[in-house]
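K.L.:
The residues making up each chain are set out below.
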Amino acid sequence: DAGITQSPRHKVTETGTPVTLRCHQTENHRYMYWYRQDPGHGLRLIHYSYGVKDTDKGEVSDGYSVSRSKTEDFLLTLESATSSQTSVYFCAILRGGLANTGELFFGEGSRLTVL
Amino acid sequence: GESVGLHLPTLSVQEGDNSIINCAYSNSASDYFIWYKQESGKGPQFIIDIRSNMDKRQGQRVTVLLNKTVKHLSLQIAATQPGDSAVYFCAENYNNDMRFGAGTRLTVKP
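So the protein sequences, as listed, match chains A and B. Residue 17 is where the first sequence starts when you use the working numbering, and the numbers rise one by one after that. Residue 11 is where the second sequence starts when you use the working numbering, and the numbers rise one by one after that.
DMTMM-like mimics (lysine to aspartate or glutamate), calculated; alpha carbons at most 25 Å apart, straight line:
| id | chain 1 | residue 1 | chain 2 | residue 2 |
| --- | --- | --- | --- | --- |
| 1 | A | K73 | B | D41 |
| 2 | A | K69 | B | D107 |
| 3 | B | K78 | A | E119 |
| 4 | B | K52 | A | E124 |
| 5 | B | K52 | A | D54 |
| 6 | B | K52 | B | D94 |
| 7 | A | K69 | A | E95 |
| 8 | A | K27 | B | E49 |
| 9 | A | K73 | A | E95 |
| 10 | B | K119 | B | E25 |
| 11 | B | K52 | A | E75 |
| 12 | A | K86 | A | E43 |
| 13 | B | K52 | A | D89 |
| 14 | A | K27 | A | E124 |
| 15 | A | K73 | A | E88 |
| 16 | A | K86 | B | D107 |
| 17 | B | K52 | A | E43 |
| 18 | B | K52 | A | E88 |
| 19 | B | K81 | A | E75 |
| 20 | B | K81 | B | D65 |
| 21 | A | K73 | B | D107 |
| 22 | A | K86 | A | E124 |
| 23 | B | K119 | B | D94 |
| 24 | B | K66 | A | E119 |
Calculated directly from the structure, the hints in this document are not laboratory data.
All chains, full assembly: derive it from the sequences and hints.
P.N.:
Here it is in structure tokens:
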């Protein structure tokens, strides 16, 4: 399903460097999310967006920023990557319904390694 | 700590048998629950959902049961197939805050 694509799919970077992950959707959904997934933890929400230029923090937002300048793109930025940000990052869109119902549809993930 | 958890981190079943994956949640006010399946190297995939005003919902080969009294959610997979091998997550939602469990890995033996 190509409704949502993430780039890059894999990235290795060094501590202290900036990193931007991109999420692109083709379905014109209002709500978009960034999660991280780590062993032993469920998916944890970093930031989400409820419209163009409308974003809010999630559970683990420290060290991350986001931007949504147009409906189809939601960018996640690590201003200065740390080893603790090594993770798999998933973008999701909310298909149908209100923000607290409906299906979260996930991208394929972006694996980030910070050395 | 985790607001949503799973009783068993791994589950191994024989092909053709039924599978039951369990989940405990902690917020009695959660009003919406979802089960996701995640195959290796892929993103989570929606399986089935249930609202808090229901106690059972059936899909194709899958059934979700919700017991609000003990804050327990289960996913039943009928006639488990090799393609069902994956990690299964439950998630609970309250007031736009969706929390995910760590997952149970289901392995189907031929």
